[in-house]
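S.K.: For the sequence shown, my numbering gives the first residue as 370, with consecutive numbering after it.
Simulated from the structure, these hints should not be mistaken for lab results.
Think of the CB as a built atom: it goes at the ideal place given N, C-alpha and C, for glycine as much as any other residue.
Don't take every hint at face value.
Across the chosen pairs, the derived CB separations fall in these ranges [unchecked claim]:
| hint | residue 1 | residue 2 | range |
| --- | --- | --- | --- |
| 1 | Gln375 | Asp411 | 52 to 62 Å |
| 2 | Lys372 | Asp411 | 15 to 25 Å |
| 3 | Asn461 | Leu412 | 31 to 41 Å |
| 4 | Pro479 | Asn425 | 48 to 58 Å |
| 5 | Gln385 | Asp410 | 33 to 43 Å |
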Amino acid sequence: MRKSVQASQGAILDLQNQIEKLRTENAQLRGQIESLQKQTDDLTKNQKTYYQDLDNRLTRFEPQTIEVEGVTGVVQAGERSAYEEALNAFQNNQVKKADSDLTAFIRKYPSSPYLPLALFWSGNTKYALKDYNGSINQLQTLITRFPGHQRVPAAMLTLGNANLESGKKAVAKKVLSDLIAKYPDSEAAKE
Numbered sequence: 370m371r372k373s374v375q376a377s378q379g380a381i382l383d384l385q386n387q388i389e390k391l392r393t394e395n396a397q398l399r400g401q402i403e404s405l406q407k408q409t410d411d412l413t414k415n416q417k418t419y420y421q422d423l424d425n426r427l428t429r430f431e432p433q434t435i436e437v438e439g440v441t442g443v444v445q446a447g448e449r450s451a452y453e454e455a456l457n458a459f460q461n462n463q464v465k466k467a468d469s470d471l472t473a474f475i476r477k478y479p480s481s482p483y484l485p486l487a488l489f490w491s492g493n494t495k496y497a498l499k500d501y502n503g504s505i506n507q508l509q510t511l512i513t514r515f516p517g518h519q520r521v522p523a524a525m526l527t528l529g530n531a532n533l534e535s536g537k538k539a540v541a542k543k544v545l546s547d548l549i550a551k552y553p554d555s556e557a558a559k560e
């Protein structure tokens, strides 16, 4: 019976050692699982950040639909910056550069939502450069192609002045009369 008790105690001790060994292995496996889970989470986070960054970079080169003073259209990469560069040149009294940039913009982006504004500012730069016929052409194009645009009254005022400066007094008078008749409450009509 002693042998049986000793054998049982030995078996119990052996089982306890095996259980302790399994617990140690289990703890090690849990540690490895946690480490792998952290690595997986980090990789997923890095991959998500990478793809968001890539998507943001690609979006800059994709056409985007925007609205500019009531005109909705698709803008190509670089289109907005080309328009803004030309406008900044005009605002900084670099009129020749603005004229050149606006003319290039109009040729390069003929269906741009910025086109009405480019025509308006091109007409104004040409007027400032005393190219009255060029001014008349640009402003007349704006008025004809975009009759409902909010810059039309101001364009008509400059158009009237350009006609007056180029010696076309009757045309100037008609343009200015039309301005007052069509847009009596506009700032341009009050001038």
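S.K.: None of the hints should be skipped; say for each whether it holds.
M.R.: Going through the hints against the structure:
| no. | hint | result |
| --- | --- | --- |
| 1 | Gln375 <-> Asp411: 52 to 62 Å | holds, 54 Å |
| 2 | Lys372 <-> Asp411: 15 to 25 Å | violated, 58 Å |
| 3 | Asn461 <-> Leu412: 31 to 41 Å | violated, 50 Å |
| 4 | Pro479 <-> Asn425: 48 to 58 Å | violated, 29 Å |
| 5 | Gln385 <-> Asp410: 33 to 43 Å | holds, 37 Å |
The structure is inconsistent with the numbered hints 2, 3 and 4, although it conforms to all the rest.
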